Amino acid sequence: MIILTMYIAIFAGAYFIVSFFQRGKESKGFNALKTVTFGDESAVTPNRAAAFISVITIFLIWGAFTDSKLVPLHVTGPFVGDTSFTYTAKNAAGDTADGNVSIRVHKIGDKPDKPEVEATDSFVQNDSILVGAWRSKLINVKRNDEGYKEDGYQIVAIDGKPIKAGESVEVEDGKVALTEKKSLNFTPTKGLQLEPIWMPAPEAVVSRFIEIARDGYQNFGLWEHLGWSLIRVIVGFLLGALVGIPLGYAMGLSGWFRGWFDPIVEFMRPVPPLALIPLVIIWFGIWETGKIVLLFLASLWIMTIAARAGVSGINIAKVHAAYSLGASKRQLMWHVMVPNSLPEIFTGARVAMGVCWGTVVAAELVAAQKGAGMMIIAASKFQLTDIVLMGIIMIGIIGYGIDILMRKTERWLVPWKGKH
Amino acid sequence: MSDLTIENLSMRFDLPDGTHVQALQDINLEIKTGEIMSVLGPSGCGKTTLLNIVAGFLAPTEGRVILNNEEVHGPASDRGMVFQQGALFEWMSVSENIAFGPRMKNIQAARSKEIVDHLLETVGLHDFGEKAVYELSGGMQQRVALARCLANEPEVILMDEPLGALDALTREKMQGLVLKLWKETGKTIILITHSVEEALLLGERLLVMAPRPGRIHKEYQLPFAENGVDQDLREVKKSDGFGETREEILSMIWEMEEEIMGRTEAGA
Ligand SMILES: Nc1ncnc2c1ncn2[C@@H]1O[C@H](COP(=O)(O)OP(=O)(O)OP(=O)(O)O)[C@@H](O)[C@H]1O
Ligand SMILES: [Mg+2]
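Protein chains in written order, with this note's numbering: chain A, 1 to 420; chain B, 1 to 268.
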């Protein structure tokens with residue numbers, strides 16, 4: 001909630017600051033002369049400053065809410081250090097006395113010594129405990145008190161404030177609760193920073209990346225994990241395209257094929273590939289064959305529909321022209337239908353690659369010995385959030401990279417797309 | 001003899017709702033080799049249908065089309081077609097588009113290049129051979145379409161509103177080009193247009209069709225095409241009889257249009 005509010009504040013603040021500085025010198029060129037820009041989609045170009053600030057903001061917020069060393073400003077972190085509170089107990093005789101509890105709050109992973117305590121001359125004895133930051137701890141304060149087993153013994157106040165079972169009291173650097181079983185429970189102040197197990201700092205993710213890139217994870221190198229995912233996607237996609245494209249052409253050209261396969265394709269199209277995982281596992285096992293079959297099915301229908309659309313979307317004048325220029329059916333197919341359908345096929349291929357990439361990660365989550373998905377699911381079992389996060393970032397980068405590559409190839413192979 | 005004969009041609013479209021449209025009724029035509037004929041008529045009178053039957057894209061319900069004493073069945077390279085737009089192949093360069101016909105016939109690359117270079121010159125696009133077709137203006141694209149059709153050496157060239165999508169100035173230039181090509185190549189040309197002026201300029205013979213059922217309403221023999229070959233077209237438009245004929249045909253088509261309107265209103 002705080003993060004969202006902060007994010008919106010930065011979004012709006014950056015807008016006002018940037019537009020203040022860019023006033024006068026922005027929009028040169030053709031768009032500058034347009035008076036109607038609101039509603040003219042072509043006049044909307046992404047603001048470079050906005051893109052830059054957007055990315056920086058994510059890292060700033062990420063850093064500020066973790067204990068990142070890269071970011072100068074932080075929200076308050078959890079309390080770490082020594083603190084104490086006193087509790088007041090009443091014994092069976094009705095006397096009251098105070099005891100001091102010394103607390104040492106330490107970072108998780110550190111193993112400091114307990115604070116020393118002095119003996120008192122009343123029936124209440126001092127206590128000391130260790131608590132990890134973000135954790136809480138039950139303190140059995142009565143354990144060393146005289147006569148605590150007698151009926152009248154009870155804790156009546158914390159730092160002078162009266163307390164009953166089930167209630168809690170704010171003390172310096174934390175909160176003390178009296179449980180129903182008459183124990184005290186101390187929770188040090190958490191602050192706004194997130195625990196590393198929830199959200200590690202950016203540099204922790206980077207160092208984990210370097211470590212895994214060097215040493216690997218779970219018997220395989222980082223590049224082997226990612227490479228295997230990529231290979232599965234490529235093989236599955238290519239098989240899907242190899243079957244789907246000719247099938248789509250056949251459906252676009254022959255009534256028999258269309259009639260036969262339309263129900264199948266239309267039925268399979270809305271079934272998400274993830275829903276097929278259980279069946280594919282039952283039929284083909286959980287290892288490579290199963291994954292390839294799953295990805296094949298994920299891309300098959302998309303490629304079939306793309307190829308069918310490419311064929312049926314042709315301007316009939318082109319077909320007529322080709323025939324009157326003396327083309328045979330085979331020549332028409334090869335020189336007209338196929339190139340004419342390429343733009344549609346590329347659009348389909350881009351979608352299919354995206355779907356396959358998502359599906360392979362999901363399939364690896366279910367079962368795999370190597371792969372990007374396996375890496376993050378294995379890490380999550382050990383609560384290695386930094387590896388999980390690194391894996392997600394790598395999956396995002398690769399997915400984005402695939403799409404850029406497909407677009408480049410498309411512009412190179414189908415330069416006429418969208419230009420008739 | 002490579003005359004084009006159209007015999008007792010009728011075309012009826014049966015519609016899915018059980019009714020039918022008589023697009024053409026009993027058309028008879030004899031078109032001599034080397035003749036240029038323009039076809040006019042209100043929208044929906046069957047001009048495109050007639051052309052598609054001659055091209056072989058449609059089979060008539062009755063009658064037949066005969067070219068070189070042989071009945072026409074299906075499209076073939078002896079009848080070339082120039083479409084209004086969208087029929088060029090975007091994935092090919094201008095030269096490749098023009099070379100399409102020769103390539104389909106497996107003509108040698110060297111010979112095909114000769115044909116292409118010659119045609120690029122003829123249609124005034126000698127520097128544009130390597131350009132992509134989507135980089136050309138509409139007028140240039142129609143020049144490519146003409147050249148592509150000519151590269152195939154068809155006996156009859158069929159044009160369905162080939163200049164319909166062009167601006168007035170480009171259109172006038174293209175009309176000159178069509179006349180020039182007609183004279184130079186001696187091809188038989190059938191040209192459909194909606195512009196009465198264009199029909200007068202480009203028709204040695206002018207056919208006015210009437211709708212429902214589609215039939216030949218009136219035929220003219222005109223001198224303007226012949227005159228236009230070596231004369232400024234604007235001069236031709238000022239010549240004797242041009243204005244009168246134009247007015248006559250215009251009012252004829254207007255009458256038909258009004259009749260259609262009246263009929264649909266009465267029906268509604
Ligand atoms: N495939 C078809 N199915 C049913 N009716 C058709 C079909 N093609 C044409 N028609 C009908 O036949 C008639 C003639 O159509 P056609 O396209 O030949 O007219 P046109 O003279 O070329 O018109 P325009 O000048 O608008 O191009 C019209 O009434 C049309 O509705
Ligand atoms: Mg028409």
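Everything labelled a hint here was simulated from the structure, so no lab data went into it.
Just so it is clear, the structure is predicted and the values come from calculations on it, not from any experiment.
Ideal placement from N, C-alpha and C gives every residue a C-beta, glycine not left out.
Fair warning: there could be bad hints in the mix.
Anything over 10 Å on all C-beta distances counts as not near chain B; from chain A, calculated [to be verified]: (1) N47; (2) I53; (3) D82; (4) P112; (5) E146; (6) A157; (7) D173; (8) I234; (9) L253; (10) I282; (11) G313; (12) K318; (13) L342; (14) K408; (15) V414.
Derived SDA-like pairs (lysine to any residue); straight-line CA-CA distance at most 20 Å [claimed, not checked]: (16) A:K107 with A:G81; (17) A:K408 with B:I260; (18) A:K318 with B:T122; (19) A:K318 with B:L29; (20) B:K187 with B:L29.
Now the in silico label distances, taken between C-beta atoms and shown as ranges [as the list claims (entries may be wrong)]: (21) B:K183 with A:R330: 33 to 41 Å; (22) A:R258 with B:N8: 33 to 41 Å; (23) A:W260 with B:T33: 28 to 36 Å; (24) B:N106 with A:W260: 29 to 37 Å; (25) A:R258 with B:K180: 45 to 53 Å.
Structure-based check of all given hints:
1. N47: Holds, since 31 Å exceeds 10 Å.
2. I53: 38 Å, holds
3. D82: 76 Å, holds
4. P112: 73 Å, holds
5. E146: 96 Å, holds
6. A157: 86 Å, holds
7. D173: 72 Å, holds
8. I234: 26 Å, holds
9. L253: Label holds. Min Cβ-Cβ 17 Å, cutoff 10 Å.
10. I282: Per Cβ check, I282 of chain A is outside 10 Å of chain B; nearest 45 Å; holds.
11. G313: 12 Å, holds
12. K318: 6 Å, violated
13. L342: 7 Å, violated
14. K408: 18 Å, holds
15. V414: 8 Å, violated
16. A:K107 with A:G81: Holds - the C-alpha atoms of G81 of chain A and K107 of chain A are around 9 Å apart, at most 20 Å.
17. A:K408 with B:I260: 54 Å, violated
18. A:K318 with B:T122: At roughly 24 Å apart (the allowed maximum being 20 Å), T122 of chain B and K318 of chain A break the hint.
19. A:K318 with B:L29: The hint is violated at about 28 Å.
20. B:K187 with B:L29: Status holds; Cα separation ~17 Å.
21. B:K183 with A:R330: 33 to 41 Å: 37 Å, holds
22. A:R258 with B:N8: 33 to 41 Å: Taking Cβ atoms as reference, R258 of chain A and N8 of chain B lie about 37 Å apart, which means the hint holds.
23. A:W260 with B:T33: 28 to 36 Å: Violated - the Cβ-Cβ distance for W260 of chain A and T33 of chain B, about 49 Å, lies outside 28 to 36 Å.
24. B:N106 with A:W260: 29 to 37 Å: 36 Å, holds
25. A:R258 with B:K180: 45 to 53 Å: Taking Cβ atoms as reference, R258 of chain A and K180 of chain B lie about 47 Å apart, which means the hint holds.
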